[in-house]
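Spelled out from the first residue to the last, the chains are:
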Amino acid sequence: GAVVSQHPSRVICKSGTSVKIECRSLDFQATTMFWYRQFPKKSLMLMATSNEGSKATYEQGVEKDKFLINHASLTLSTLTVTSAHPEDSSFYICSARDYGRGNTEAFFGQGTRLTVV
Amino acid sequence: GENVEQHPSTLSVQEGDSAVIKCTYSDSASNYFPWYKQELGKRPQLIIDIRSNVGEKKDQRIAVTLNKTAKHFSLHITETQPEDSAVYFCAASQGAQKLVFGQGTRLTINP
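Respectively, the protein sequence lines represent chains A and B. Following my numbering, the numbering of the first sequence begins with 1449 at its first residue and continues without gaps. Following my numbering, the numbering of the second sequence begins with 101 at its first residue and continues without gaps.
Hints are supplied without guarantee of correctness; some may be wrong.
Once the Cα atoms are required to be at most 27 Å apart in a straight line, the calculated BS3-like pairs of lysine-lysine come out as [said to hold, decoys possible]:
1. 171/B / 1489/A
2. 122/B / 1489/A
3. 122/B / 1490/A
4. 1514/A / 157/B
5. 1462/A / 142/B
6. 158/B / 122/B
7. 1490/A / 137/B
8. 1512/A / 122/B
9. 1462/A / 1490/A
For the record, the hints were derived by calculation from the structure and aren't laboratory data.
With the rest of the complex left out, here is chain A (with noise of 0.2 Å):
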């Protein structure tokens, strides 16, 4: 199946920094790439539609300015959380699907645990 690689997978930031989280699509061109959410024994939650070349679409209640993403290439999206805090903290997983096989199937990154302190 198509690869898709996150990175960092773990990462510690101190308040008020900003931490910039890659996702990749190794073997396949991603147009559309997802952004999830997840805190500690909950679901996935979708927190924004990363478009290559336009703006990302955000899920209602998800701060844009406060969680910037890039998606300039048709392998690469950033999901940066800005001024974090610790109520940021949570496990940030990334998903793509490779269109160009008309594969509905969604491919995801490892995941990213951050931790503000």
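With chain A held as given, fit chain B onto it using these hints.
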């Protein structure tokens, strides 16, 4: 938008018995229904999926059934084994659009 409800939130079965997890969805336009297994701190792993043009799909010990009229689908795991213990999520989407996940079921297989 789509809303997916999943039950039960926890399920404990004896090894060798069957486990059933149920989901309902709200958007009749949804036509793709995957099931994921997630272990602690790991990415979700697709275990089976079904599209709306079929009512049932089976892969060894795992099966999924879909009732489009009632807008519900279920995961069936037979002959459960300890390694089946994990959190399972159902999801729904319209084609290759965004996936909406259920709340998850923590499945525990007791030896």
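Legend entry - Given pair status - residue 1490/A, residue 1462/A, alpha carbons within 27 Å: holds (24 Å)
Inset, instruction - Assess, step by step, whether the Cα of residue 1512/A is no farther than 27 Å from the Cα of residue 122/B, and give holds or violated. - result: Not OK: residue 1512/A and residue 122/B at ~34 Å, beyond 27 Å, violated.
Inset, instruction - Please work out if residue 1514/A and residue 157/B have their alpha carbons no farther apart than 27 Å. - result: Violated. Residue 1514/A to residue 157/B sits at ~42 Å, over the 27 Å cutoff.
Inset, instruction - Sort out whether residue 1489/A lies within 27 Å of residue 171/B, counting only the CA atoms. - result: With a Cα-Cα distance of about 26 Å, the restraint between residue 171/B and residue 1489/A holds, given a limit of 27 Å.
Inset, instruction - With a cut-off of 27 Å on the C-alpha distance, tell me whether residue 158/B and residue 122/B pass. - result: holds (16 Å)
Legend entry - Agreement of residue 122/B and residue 1489/A with the hint, judged by alpha carbon distance not exceeding 27 Å: holds (18 Å)
Legend entry - 27 Å limit on alpha-carbon distance, applied to hinted pair residue 1462/A and residue 142/B: holds (24 Å)
Inset, instruction - Below or equal to 27 Å on CA atoms is what counts here, so check residue 122/B against residue 1490/A. - result: Given pair residue 122/B, residue 1490/A holds - Cα atoms ~17 Å apart, limit 27 Å.
Inset, instruction - Mind checking the alpha carbons of residue 1490/A and residue 137/B for me, to see if they're no more than 27 Å apart? - result: Measuring from Cα to Cα gives roughly 13 Å; hence the hint holds.
In the structure shown, a violation is registered for the earlier hints numbered 4 and 8, in ascending order.
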